[in-house]
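A.B. asks: Starting from the given sequences, assemble the full structure and let the hints guide the process.
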Amino acid sequence: MTTEMLAAPEGVQTEFETGSGTGEWKPICWVAEIPVLGARRVARAKGMDVAVFRNDQDQVFALLDRCPHKGGPLSQGIVFGTSVACPLHNWTIGLDTGCAQAPDEGCAQPFRLRVDNGQVFLDRRELATLAIDLVAPMAGPARQTVTHP
Amino acid sequence: MTKKMKLVMVGNGMAGVRTLEELLKLDPDLYRISVFGAEPHPNYNRILLSPVLAGEQSMDEIVLNSWDWYSDNGITLHAGKRVTEVDRVRRVVRSEDGTEESYDRLLLCTGSNPLMLPVPGKDLQGVIAYRDIADTNTMIDAANRYKHAVVIGGGLLGLEAANGLMRRGMQVTVIHVGPWLMERQLDEVAGKLLQKSLEERGLTFLMGAQTQELVGNPSGRVRSVHCKDGSKVDADLVVMAVGIRPNTELAEKMRLQINRGIVVNDTMQTATDPRIYSVGECAAHRGVAYGLVAPLFEQAKVAANHLAQMGIGRYQGSLTSTKLKVTGIDLFSAGQFMGGDGTEEIIMSDPFGGVYKRLVIKDDKLVGACLYGDTVDGSWYFKLLRDGRSVADIRDKLMFGESNIGDVGHEGHNKAATMPDEAEVCGCNGVRKGTICRVIREKGLFTLEEVRKHTKASSSCGSCTGLVEQLLMFTAGADYSATPKLKAMCACTDFGHQAVRDAIVENKLLTIADVFKVMLWKTPNGCASCRPAVNYYLISSWPKEARDDPQSRFVNERSHANIQKDGTYSVIPRMWGGETTAAELRRIADAVDKYKIPTVKVTGGQRIDLLGVKKEDLAGVWKDIGMPSGHAYAKALRTVKTCVGSEWCRMGTQDSTQMGKDLERAMWRMYAPHKVKFAVSGCPRNCAEAGIKDVGIIGVDSGWEMYIAGNGGIKTEVAHFFTKLKTAAEVLEYTGAFCQLYREEGWYLERTVHYVARVGLDHVRKRILEDHEGRKALWEKLQFSLDGEPDPWFEHDKAAVDQRQFTKLEVA
Numbered sequence: 037m038t039t040e041m042l043a044a045p046e047g048v049q050t051e052f053e054t055g056s057g058t059g060e061w062k063p064i065c066w067v068a069e070i071p072v073l074g075a076r077r078v079a080r081a082k083g084m085d086v087a088v089f090r091n092d093q094d095q096v097f098a099l100l101d102r103c104p105h106k107g108g109p110l111s112q113g114i115v116f117g118t119s120v121a122c123p124l125h126n127w128t129i130g131l132d133t134g135c136a137q138a139p140d141e142g143c144a145q146p147f148r149l150r151v152d153n154g155q156v157f158l159d160r161r162e163l164a165t166l167a168i169d170l171v172a173p174m175a176g177p178a179r180q181t182v183t184h185p
Numbered sequence: 008m009t010k011k012m013k014l015v016m017v018g019n020g021m022a023g024v025r026t027l028e029e030l031l032k033l034d035p036d037l038y039r040i041s042v043f044g045a046e047p048h049p050n051y052n053r054i055l056l057s058p059v060l061a062g063e064q065s066m067d068e069i070v071l072n073s074w075d076w077y078s079d080n081g082i083t084l085h086a087g088k089r090v091t092e093v094d095r096v097r098r099v100v101r102s103e104d105g106t107e108e109s110y111d112r113l114l115l116c117t118g119s120n121p122l123m124l125p126v127p128g129k130d131l132q133g134v135i136a137y138r139d140i141a142d143t144n145t146m147i148d149a150a151n152r153y154k155h156a157v158v159i160g161g162g163l164l165g166l167e168a169a170n171g172l173m174r175r176g177m178q179v180t181v182i183h184v185g186p187w188l189m190e191r192q193l194d195e196v197a198g199k200l201l202q203k204s205l206e207e208r209g210l211t212f213l214m215g216a217q218t219q220e221l222v223g224n225p226s227g228r229v230r231s232v233h234c235k236d237g238s239k240v241d242a243d244l245v246v247m248a249v250g251i252r253p254n255t256e257l258a259e260k261m262r263l264q265i266n267r268g269i270v271v272n273d274t275m276q277t278a279t280d281p282r283i284y285s286v287g288e289c290a291a292h293r294g295v296a297y298g299l300v301a302p303l304f305e306q307a308k309v310a311a312n313h314l315a316q317m318g319i320g321r322y323q324g325s326l327t328s329t330k331l332k333v334t335g336i337d338l339f340s341a342g343q344f345m346g347g348d349g350t351e352e353i354i355m356s357d358p359f360g361g362v363y364k365r366l367v368i369k370d371d372k373l374v375g376a377c378l379y380g381d382t383v384d385g386s387w388y389f390k391l392l393r394d395g396r397s398v399a400d401i402r403d404k405l406m407f408g409e410s411n412i413g414d415v416g417h418e419g420h421n422k423a424a425t426m427p428d429e430a431e432v433c434g435c436n437g438v439r440k441g442t443i444c445r446v447i448r449e450k451g452l453f454t455l456e457e458v459r460k461h462t463k464a465s466s467s468c469g470s471c472t473g474l475v476e477q478l479l480m481f482t483a484g485a486d487y488s489a490t491p492k493l494k495a496m497c498a499c500t501d502f503g504h505q506a507v508r509d510a511i512v513e514n515k516l517l518t519i520a521d522v523f524k525v526m527l528w529k530t531p532n533g534c535a536s537c538r539p540a541v542n543y544y545l546i547s548s549w550p551k552e553a554r555d556d557p558q559s560r561f562v563n564e565r566s567h568a569n570i571q572k573d574g575t576y577s578v579i580p581r582m583w584g585g586e587t588t589a590a591e592l593r594r595i596a597d598a599v600d601k602y603k604i605p606t607v608k609v610t611g612g613q614r615i616d617l618l619g620v621k622k623e624d625l626a627g628v629w630k631d632i633g634m635p636s637g638h639a640y641a642k643a644l645r646t647v648k649t650c651v652g653s654e655w656c657r658m659g660t661q662d663s664t665q666m667g668k669d670l671e672r673a674m675w676r677m678y679a680p681h682k683v684k685f686a687v688s689g690c691p692r693n694c695a696e697a698g699i700k701d702v703g704i705i706g707v708d709s710g711w712e713m714y715i716a717g718n719g720g721i722k723t724e725v726a727h728f729f730t731k732l733k734t735a736a737e738v739l740e741y742t743g744a745f746c747q748l749y750r751e752e753g754w755y756l757e758r759t760v761h762y763v764a765r766v767g768l769d770h771v772r773k774r775i776l777e778d779h780e781g782r783k784a785l786w787e788k789l790q791f792s793l794d795g796e797p798d799p800w801f802e803h804d805k806a807a808v809d810q811r812q813f814t815k816l817e818v819a
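Line order of the protein sequences matches chains A and B. Number 183 in the numbering used here belongs to position 147 of the first sequence; there are no gaps in the numbering. Number 280 in the numbering used here belongs to position 273 of the second sequence; there are no gaps in the numbering.
All the pointers check out, no bait thrown in.
Computed list of lysine-lysine pairs in DSSO-like fashion (alpha-carbon distance at most 30 Å, straight line): (1) B:668 to B:630; (2) B:603 to A:82; (3) A:62 to B:815; (4) B:32 to A:106; (5) B:815 to A:82; (6) B:815 to A:106; (7) B:572 to A:106; (8) B:32 to B:460; (9) B:88 to B:11; (10) A:106 to B:450; (11) B:460 to B:682; (12) B:463 to A:106; (13) A:82 to B:572; (14) A:82 to B:621; (15) B:621 to A:62.
Ranges of calculated distance between the beta carbons of each label pair, as one might list FRET restraints: (16) A:178 to B:737: 48 to 58 Å; (17) A:125 to B:132: 55 to 65 Å; (18) A:118 to B:725: 39 to 49 Å; (19) B:531 to A:125: 18 to 28 Å; (20) A:125 to B:505: 26 to 36 Å; (21) A:160 to B:809: 20 to 30 Å; (22) B:608 to A:125: 16 to 26 Å; (23) B:737 to A:125: 37 to 47 Å; (24) A:118 to B:809: 13 to 23 Å; (25) B:555 to A:171: 31 to 41 Å.
No lab work stands behind these hints: they were computed from the structure. Keep in mind it's a predicted model, so treat the numbers as computed, not measured. No residue lacks a Cβ here, since even glycine has one placed at the ideal position from N, Cα and C.
C.D. replies: Shown next, in the form of C-alpha cells:
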C-alpha cells in the first residue's frame with residue numbers, strides 16, 4: 037500500500053521498487069493524463085474500479101473507488117492537500133491511507149502505486165485480488181430485484 | 008534533531024487543557040509539556056459539578072482527561088502542586104513543594120476564586136464556597152449528616168447549589184440581596200417566575216436580605232445565619248455563592264499587568280511578557296474576563312494556534328448568553344434584555360403556563376432577549392442578535408420563533424428535555440436523542456460543531472439546531488450559544504465570506520491561488536467547502552476575466568449531471584417554461600431505451616428526470632436528446648415553473664407561459680450562490696406556486712406582481728411581495744436586477760431567503776426599486792455576464808468540461 041512521489045523534475049529517475057512478493061507492475065496512464073487535483077477511474081477485470089488521484093504537488097495515489105461510508109465514488113470528489121472529499125456525504129478520506137478523517141471511521145482499500153518517468157503503474161496482483169468482493173451501492177428499482185450475497 | 012521547546016502550564020482546568028488538546032492536534036511534537044494543577048485531580052468538567060451535587064451524574068462521569076491522557080501524550084502532570092513562584096528572568100516555575108520546571112513558553116490558566124463575604128463567622132466549620140470537587144464533596148457529605156442549609160447568593164451558581172442540596176434531602180434557604188433572582192441575567196418577571204417554580208420544588212427564599220453574621224455552636228460549626236433585618240435562619244451548612252474573581256495572585260507576584268484579570272492581547276499573550284500566554288477565567292481580553300466555556304475554548308484555539316507558531320488566529324471577543332442548569336427549568340437570556348434608551352419591547356407572558364418571553368428591539372434590530380419556560384428559540388434569537396440584522400420584516404412573527412416560519416423535520420418538538428430517548432431529533436440524518444446524549448457524554452463534547460461532527464445531528468439542514476443545543480445544555484452543561492462574532496468561511500481561513508469576496512473585488516484577484524496567497528490561507532489548496540465558494544466569488548465578480556476552475560466545483564457541476572447514491576447520474580434537460588413537444592419526447596424515449604435508463608420521473612419543476620445514467624453515457628445522452636442543459640445539478644437558474652395562463656385557461660389574465668419562457672431564455676446558464684428557481688402564474692390562483700420561489704411572478708389584470716425570496720425547502724417561507732410591474736420587459740429587468748444583486752452580495756450556499764433575511768428587504772428595495780440607474784446597471788451586468796456563456800452539454804471546450812472524466816482507464 038505504498039504511494040510514492042512522482043519524480044517531478046524531468047530526468048530524475050525514481051527508484052524501482054523490487055521488494056519480494058511484489059507482482060508485476062502494470063502501466064496505467066501518464067501522470068499528465070490525470071487532472072491536477074482530480075482523479076481517473078481504472079476499470080478492473082473483476083471488482084470495482086480503482087481511482088488514481090493526483091494532487092497539486094504531483095503526488096499520485098490509488099484507492100478503491102468506494103468510500104467506506106456509503107460506497108460513494110471517491111474519484112468524483114474534490115481533491116485538496118492529500119485528501120479527497122467524498123461526493124456523496126462529504127467525508128474526508130486521506131489519499132495516502134484511504135482512511136476517513138476522525139471522528140468518522142473506516143478506510144477505503146489502498147493500492148500500491150509506482151510512478152516512473154511520469155508513468156503511473158499499479159501492482160497487477162493487487163489489481164486482480166484486492167477488494168474483489170466489494171460491490172457498488174445500489175439505487176433505483178434494481179435494489180428490489182437484486183439480492184445481495 | 009533540534010531540542011524540543013518546553014511549555015509549562017499553570018492550572019489544570021478546562022480552558023488550559025483544551026489549549027493543550029488543540030496544540031497537540033496542530034503539532035504534537037513541538038513542545039515538551041508540563042502541567043501544574045493545585046487540585047489532586049486530572050482535568051474535569053467544572054460545569055457539571057451541579058449535576059453531580061444533584062446526584063444526576065457521578066464524579067467519574069465528569070472527568071474530561073484521564074490520567075492516561077496525560078501520559079499518552081507525554082505530558083508531565085504535577086497534580087496537587089500549587090505554583091507559588093515564577094522567575095521570569097531565569098524562566099523557572101516553582102511549586103509549594105519545591106518542584107521546579109523551566110519553560111520556553113508559559114501558559115497561565117489559574118482560573119478564578121470564589122468571593123467570600125467578609126462577615127463575622129465566615130471561617131466557621133461548615134461555611135464553604137462552591138467551586139471545585141472538594142466543595143462538592145463537602146456539600147454531599149453535609150447533606151448526609153445535617154438538615155439545614157443556607158445558600159447566600161441567588162445567582163446562577165447559588166441556585167444550582169441550592170437545587171442540588173435540596174435534591175439530596177436538605178432544607179435549603181436562599182438568601183439573596185437583590186430584588187429578584189439572577190438579576191444580572193433575568194428581568195423581574197422572569198426572575199419571579201423562576202422563584203415561584205423553585206419554591207414549588209421546595210426551596211425557601213429570603214429576598215432583599217443582607218447577611219450580617221454567621222453564628223456558630225460551641226464546637227465551632229456554623230449554626231445559624233443572621234440577617235440585617237433581624238431574621239435568623241438555621242444552618243448546618245452555609246454555601247457562599249456571591250461571585251467569582253479572576254485568580255491573579257500568581258500573576259501579580261510575577262508583576263504582569265492586571266486589570267480585571269491578566270491582561271492579554273488578541274493572540275492571548277500577556278501584555279507584559281510575550282513568552283507568557285493566559286487563557287480562561289483569569290485572562291482579561293479587551294477588559295473582559297469571561298466565565299463561560301465557549302469563549303474560553305475559542306481563546307484556547309487561538310492560543311494553541313499561536314503556540315504552534317501558526318500565528319494566524321486572533322481572538323476578538325465573544326457574545327455570551329446565559330442558561331441555568333436546573334433540570335426542568337428552561338431559561339435563556341442574552342444582550343440588553345432589560346432594555347434602555349430608545350428600545351422597544353415585545354413581551355409575551357403566560358404566567359399560568361409558566362412561559363414568558365421578552366424581546367428587546369432597538370433601531371429595528373434585536374438587541375436583547377429573555378426567555379423563561381420555552382427556550383428553543385434562544386439560539387435563533389442569539390443569532391439575530393449577533394448578526395445585527397434588521398428584523399423589521401419579521402417583526403410580527405419574531406415572538407413566535409423560528410419554527411413558526413416553517414421549520415420541518417423534527418415533528419414540531421421544542422423541548423428536548425421532555426422528548427423520549429428514542430425520539431428522532433435530526434430528521435435528515437436519523438439521529439435520536441439518546442444517541443446524541445450518549446455521544447456528548449462519552450466523547451466529552453461541548454460545542455454544536457463537535458456534536459455535528461460526531462453525530463451528524465443538525466449538520467444537514469440545521470432545522471433541529473435549537474434542540475441539539477438544548478441537549479448539549481442538559482448533558483454537558485455547555486453554554487454553547489456563546490459564539491465568535493465573526494464566522495470563518497471554514498477551517499482553512501479566519502476570514503468570513505464577506506471579507507473574501509471584498510478582497511477579490513477590491514484587489515481584482517482572478518485565481519484561487521491568488522486569493523489563498525493574499526488572504527494567507529492556512530492550507531495549500533483549501534478544502535471541499537472553501538474552494539467552490541472562492542471559485543464562485545471569482546467568476547461572479549470578474550466575468551470573462553476570472554477562469555472557472557472545474558476541479559474546484561462539486562462533482563455535479565463538473566459532470567453537469569446530478570450524482571446519485573449509487574454513483575450514477577440523473578439528467579434533466581431544459582424544457583422552456585415546462586413546455587415540450589412530441590419530437591423532444593420521442594428523442595427522450597429513444598435515449599431511455601438506447602442507454603437502458605432505469606427510471607424516468609416527472610420533477611416538481613415541470614421537467615423530465617432521467618435517473619441512473621452511467622457516467623460513460625452522459626455525453627451520449629445529452630447529444631441524443633438534443634435539448635439544452637437544465638442545470639438541475641448546479642448552483643444556477645434551474646426551473647421556471649409556469650401555469651398555462653391566458654393562452655388556454657379560462658381564468659387566466661396574463662400569458663404566464665410565455666413570460667416564463669422569456670425569463671428562462673434570458674437567464675438560463677446563470678450561476679449563483681445557490682440554486683435559483685422562478686415561477687410564473689397567470690392569475691392570483693397561483694397554480695405555478697410562485698409564492699415559494701426565489702422569484703415569483705403573478706399575473707393580475709393590470710400587469711404583474713413580483714415576489715422575492717420565497718422558499719419551499721427546509722424553511723418553508725412565503726415570498727415577500729416586492730413590487731407591481733406593468734410590462735413583460737419590466738419583469739425581465741427587475742427579476743434580472745434582483746438576481747444580479749443576489750449574485751454579487753449573496754454568500755456561497757446562501758439561498759435568496761437567507762440572503763434577504765441577512766441584508767434586509769429594505770436594502771433590496773433601495774437597490775432595485777428606488778435606484779433606477781442602479782437597477783438598469785445590474786440588469787446590464789447580468790446580461791453581460793451571460794452573453795456567450797456556453798451550454799456545457801454541447802460546448803464542452805468552452806465550458807471547460809474535462810472529457811477524460813467520461814472514460815475509464817483500462818488495464819492493458
